[in-house]
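Keeping the supplied structure of chain W fixed, place chain H upon it in accordance with the hints.
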Amino acid sequence: MGYDAKLKVWRGDNGSGALQDFTVEANEGEVVLDLIHRLQATQAPDLAVRWNCKAGKCGSCSAEVNGRPRLLCMTRMSVFDEDETITVTPMRTFPVIRDLVTDVSYNYTKAREIPSFTPPKDLEPGDYRMQQVDVERSQEFRKCIECFLCQNTCHVVRDHEENKTAFAGPRFLMRIAELEMHPLDVADRSDEAQTEHGLGFCNITKCCTDVCPEGIHITDNALIPMKERVADRRYDPIVWLGNKLFRRGEN
Amino acid sequence: MTEVERHSYDVVVIGAGGAGLRAVIEARQRGLSVAVVCKSLFGKAHTVMAEGGCAASMGNANSNDNWQVHFRDTMRGGKFLNNWRMAELHAREAPDRVWELESYGALFDRTKDGRISQRNFGGHTYPRLAHVGDRTGLELIRTMQQKIVSLQQEDYKQYGDYEARVKVFAECTITELLKDGGRIAGAFGYWRESGRFVLFETPAVVVATGGIGKSFKVTSNSWEYTGDGHALALRAGASLINMEFVQFHPTGMVWPPSVKGILVTEGVRGDGGVLKNSQGERFMFRYIPDVFKGQYADSEDEADRWYDDADNNRRTPDLLPRDEVARAINAEVKEGRGSPHGGVFLDIASRLPTEEIKRRLPSMYHQFKELADVDITKEPMEVGPTCHYVMGGIEVDPDTASSSVPGLFAAGECSGGMHGSNRLGGNSLSDLLVFGRRAGLGAASYVESLAERPVVADADITAAAKLAVAPFDPPADGVDAENPYTLHTELQQSMNDLVGIIRKADEIAKALDKLGEIRKRIRGVTVEGHRQYNPGWHLALDLRNMLVVSECVAQAALRRTESRGGHTRDDHPQMDSQWRNTLLVCTSPGGDPLAPDVAVDAKPQDPMRQDLLELFELSELEKYYTEDELADHPERTA
Chain W
30 MGYDAKLKVW RGDNGSGALQ DFTVEANEGE VVLDLIHRLQ ATQAPDLAVR WNCKAGKCGS
90 CSAEVNGRPR LLCMTRMSVF DEDETITVTP MRTFPVIRDL VTDVSYNYTK AREIPSFTPP
150 KDLEPGDYRM QQVDVERSQE FRKCIECFLC QNTCHVVRDH EENKTAFAGP RFLMRIAELE
210 MHPLDVADRS DEAQTEHGLG FCNITKCCTD VCPEGIHITD NALIPMKERV ADRRYDPIVW
270 LGNKLFRRGE N
Chain H
180 MTEVERHSYD VVVIGAGGAG LRAVIEARQR GLSVAVVCKS LFGKAHTVMA EGGCAASMGN
240 ANSNDNWQVH FRDTMRGGKF LNNWRMAELH AREAPDRVWE LESYGALFDR TKDGRISQRN
300 FGGHTYPRLA HVGDRTGLEL IRTMQQKIVS LQQEDYKQYG DYEARVKVFA ECTITELLKD
360 GGRIAGAFGY WRESGRFVLF ETPAVVVATG GIGKSFKVTS NSWEYTGDGH ALALRAGASL
420 INMEFVQFHP TGMVWPPSVK GILVTEGVRG DGGVLKNSQG ERFMFRYIPD VFKGQYADSE
480 DEADRWYDDA DNNRRTPDLL PRDEVARAIN AEVKEGRGSP HGGVFLDIAS RLPTEEIKRR
540 LPSMYHQFKE LADVDITKEP MEVGPTCHYV MGGIEVDPDT ASSSVPGLFA AGECSGGMHG
600 SNRLGGNSLS DLLVFGRRAG LGAASYVESL AERPVVADAD ITAAAKLAVA PFDPPADGVD
660 AENPYTLHTE LQQSMNDLVG IIRKADEIAK ALDKLGEIRK RIRGVTVEGH RQYNPGWHLA
720 LDLRNMLVVS ECVAQAALRR TESRGGHTRD DHPQMDSQWR NTLLVCTSPG GDPLAPDVAV
780 DAKPQDPMRQ DLLELFELSE LEKYYTEDEL ADHPERTA
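As they're listed, the protein sequences go chains W and H. The numbering used here numbers the first residue of the first sequence as 30 and each following residue consecutively. The numbering used here numbers the first residue of the second sequence as 180 and each following residue consecutively.
These aren't lab readings, by the way, just hints derived from the structure by calculation. None of these values were measured; they are calculated from a predicted model. Hints may contain errors.
Said to hold, decoys possible - Simulated restraints on C-beta separations:
id, chain 1, residue 1, chain 2, residue 2, range
1, H, E696, W, Q72, 23 to 29 angstroms
2, H, L773, W, Q72, 24 to 30 angstroms
3, H, E342, W, D249, 33 to 39 angstroms
What the hints assert, rightly or not - Okay, derived cross-link-like pairs now, DSS-like style, lysine-lysine, Cα gap no bigger than 30 angstroms in a straight line:
id, chain 1, residue 1, chain 2, residue 2
4, H, K346, H, K645
5, W, K35, H, K439
6, H, K557, H, K439
7, H, K291, W, K172
8, W, K193, H, K336
9, W, K150, H, K683
10, W, K37, H, K439
11, H, K689, H, K439
12, H, K513, H, K557
13, W, K37, H, K548
14, W, K150, H, K336
15, W, K235, H, K537
16, H, K782, W, K37
17, H, K782, W, K172
18, W, K150, H, K291
19, H, K537, H, K548
20, W, K193, H, K802
21, H, K439, W, K172
22, H, K513, H, K645
23, H, K513, H, K693
24, W, K273, W, K37
25, H, K683, H, K513
26, W, K35, H, K537
27, H, K782, H, K693
Where a beta carbon is used, it is the ideal one built from N, C-alpha and C, also for glycine.
Chain W on its own, in the form it takes in the complex:
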């Protein structure tokens, strides 16, 4: 059942680093994170890795396995051949702190820039009424475990540090969509999505959707509908004319 797996693990800090070769025991049913833990316990006690639940629910152990953004706790060893060398590297879009741990503060900064849930002023707690079918759209986006793999893989920022200030990233554009589709949110969010949070940068290549460990349809269900709302608002000629005539945009 058990075999010796070959791993290359990136080790270093924000100054320098390199891939280091390891050979470590792998057993039936194990995931890549099990092997990283075994390395810590037996060969590299100071190997840094972020993790929490080890059940795919907290989104802490994000990294890249053979170049693909993944959760280490949900990547089964059985998907690789036993003689294959598995390369584990930190997420590329964020600065490395140490080994597999990156500085993900970009995401927390972006989270703070999205205007919060805005309920109707006169609605008291306990009086909220919503239909299941209406909450389901936003509920899909609230499955997000904030692993930031979508942020990591998105080409708008992956190799373009300069775009980070103007682009909230798929996770937080999806947050705008979630609030926009919340049955009781009264804020108007579509203009700001475009002007403040960089929705226009997204050219729907669906890389975010591909890597989402929760299987959320980020592009189809969040980003494209937001783009449609923006287009209706900003580029529909009749709406445009109405805005000009009645100066709606200036209030």
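Frame of chain W; chain H shown alone:
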């Protein structure tokens, strides 16, 4: 003088799970400055793992429900050892706390008339758990995280600084609470990323650090659950109660080995799933204990009818409180009727249509598919008990969440009393909200009442720093170097095997011997590398907490010579009404600061207020209380 980054706050909350975040919100809304310090990133705390739901008697699914019914269920679940005032506050306030979350933006599943849907769970008389599929904990933590962000946005508008009044110190570990005289004066810790020291000068600390599961080998808990808050409070002079009561959740995954212990939500049974042994028998009907006789269905037909007609049928014994179900599974496996990998079968596949399973239990479907190659819509799951929750914790005043140390507050799993000897599923998330809020209020009122701020002594900072970096030094002469990972594994194995779900005096004594040995060896723990994000060092520091907390569990377990809730003694298998009103209290009389001594004393609990006692029928109380205790009951005196 040690180099230390200094911060000053009105209130410091340790732990950013549900209880911690709710305390932050409350203290900030009272106008105080608040720091929240957590070992992980913001939003990753163990609360995200909670699946089934949050218990609150809103009465949306069954209008007969009210706080009194919830209170009774909670006391029964805890075998009447609960702090009744906490159970009362919890049952009364839970609905408001849930509704409040909706005003923060939470999106619970709905009933047909648009209200919050409620699901069945073990020990709850009516469908009571507000839920979002099987990811309710994630919804709670994200909602409160986003509420805190919205408060920061308000502060940004007012002060031009998001962090003017609430700041999150993520990946930061507190190693010591510091005092001035008898009162809390600060908290000392280190940044995990850099290893640099940090001091919080504060008159009030809210401990909301969760549980102790990482002292056991098979657990549903994450690495963070090392009993930090329990140990910090104990070392600061507070008392812990009920530490012998550890909940083993009946349904953890048992295969493959690397996922052993990961939780399978009780919602599977709440939504119709049934437990079966290797012979296909629904064995739970044989395990209804005397105290619950008459409250549960005694045939499969009645149990199955109950899902659709709860008013005219009794509930299935698959939904007995967790301690009962865990013991039953343990017994089935022991008698040779287990599943191939040492558990029993949990079958939802034959009970619900595929699409319904995927809709109601999406995370469970995903978890088994990804981690075990099992399609739960086609085949049964294999499940067995896993260490899940500690009922014991810091002894607090129910109304203010204050410990016996002025300025030290506690809420959530690290506090004790609320759940008695066994917690009902769903009562944890509501506990977090109710007592997180009360701890925030309690801390705020305490800070406002102070005439002058306590001061941290430089000598205490130096001592805390010295203790923290000790693992980098080579061990003293005559002490062998120890690997923290090895010691941790030995501690987990020993607690798992000897102070686990079924306990015996001689085995607990053996565990105490082992803990004594680890106590000696922990002095030799040595770590490699430097202080920057060094997991070996982090574990070395957490290990001292796990050790002292494990000693509390083992000593109290040896002392309580009866079986009740999350404490089962093979050598004392009966529940003993003489023990019902006795609390075992752990304190530390001092000793080595690395791992101080633990003492256990018995004390009686305050008798339940008469109007609450009268919510129960005498015939039920007689199953738990002594004759003397019931002499004044109105049904007796009438």
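Evaluation of the provided hints:
1. H:E696 <-> W:Q72: 23 to 29 angstroms: holds (26 angstroms)
2. H:L773 <-> W:Q72: 24 to 30 angstroms: At roughly 27 angstroms between Cβ atoms, Q72 (chain W) and L773 (chain H) fall inside 24 to 30 angstroms, so the hint holds.
3. H:E342 <-> W:D249: 33 to 39 angstroms: holds (36 angstroms)
4. H:K346 <-> H:K645: Status holds; Cα separation ~27 angstroms.
5. W:K35 <-> H:K439: Holds - the C-alpha atoms of K439 (chain H) and K35 (chain W) are around 24 angstroms apart, at most 30 angstroms.
6. H:K557 <-> H:K439: holds (21 angstroms)
7. H:K291 <-> W:K172: Given that 30 angstroms is the threshold and the Cα spacing comes to 22 angstroms, the pair holds.
8. W:K193 <-> H:K336: Given pair K193 (chain W), K336 (chain H) holds - Cα atoms ~23 angstroms apart, limit 30 angstroms.
9. W:K150 <-> H:K683: Not OK: K150 (chain W) and K683 (chain H) at ~59 angstroms, beyond 30 angstroms, violated.
10. W:K37 <-> H:K439: holds (27 angstroms)
11. H:K689 <-> H:K439: holds (25 angstroms)
12. H:K513 <-> H:K557: holds (27 angstroms)
13. W:K37 <-> H:K548: holds (27 angstroms)
14. W:K150 <-> H:K336: This hinted pair holds, its Cα atoms lying about 19 angstroms apart.
15. W:K235 <-> H:K537: Roughly 24 angstroms separates the two Cα atoms, so the pair holds.
16. H:K782 <-> W:K37: violated (57 angstroms)
17. H:K782 <-> W:K172: violated (46 angstroms)
18. W:K150 <-> H:K291: Within the cut-off at roughly 25 angstroms; holds.
19. H:K537 <-> H:K548: Given that 30 angstroms is the threshold and the Cα spacing comes to 12 angstroms, the pair holds.
20. W:K193 <-> H:K802: Outside the cut-off at roughly 65 angstroms; violated.
21. H:K439 <-> W:K172: Holds. K439 (chain H) to K172 (chain W) sits at ~24 angstroms (cutoff 30 angstroms).
22. H:K513 <-> H:K645: Roughly 49 angstroms between the alpha carbons, so the hint for K513 (chain H) and K645 (chain H) is violated.
23. H:K513 <-> H:K693: holds (26 angstroms)
24. W:K273 <-> W:K37: Status violated; Cα separation ~60 angstroms.
25. H:K683 <-> H:K513: Roughly 16 angstroms separates the two Cα atoms, so the pair holds.
26. W:K35 <-> H:K537: Not OK: K35 (chain W) and K537 (chain H) at ~36 angstroms, beyond 30 angstroms, violated.
27. H:K782 <-> H:K693: holds (28 angstroms)
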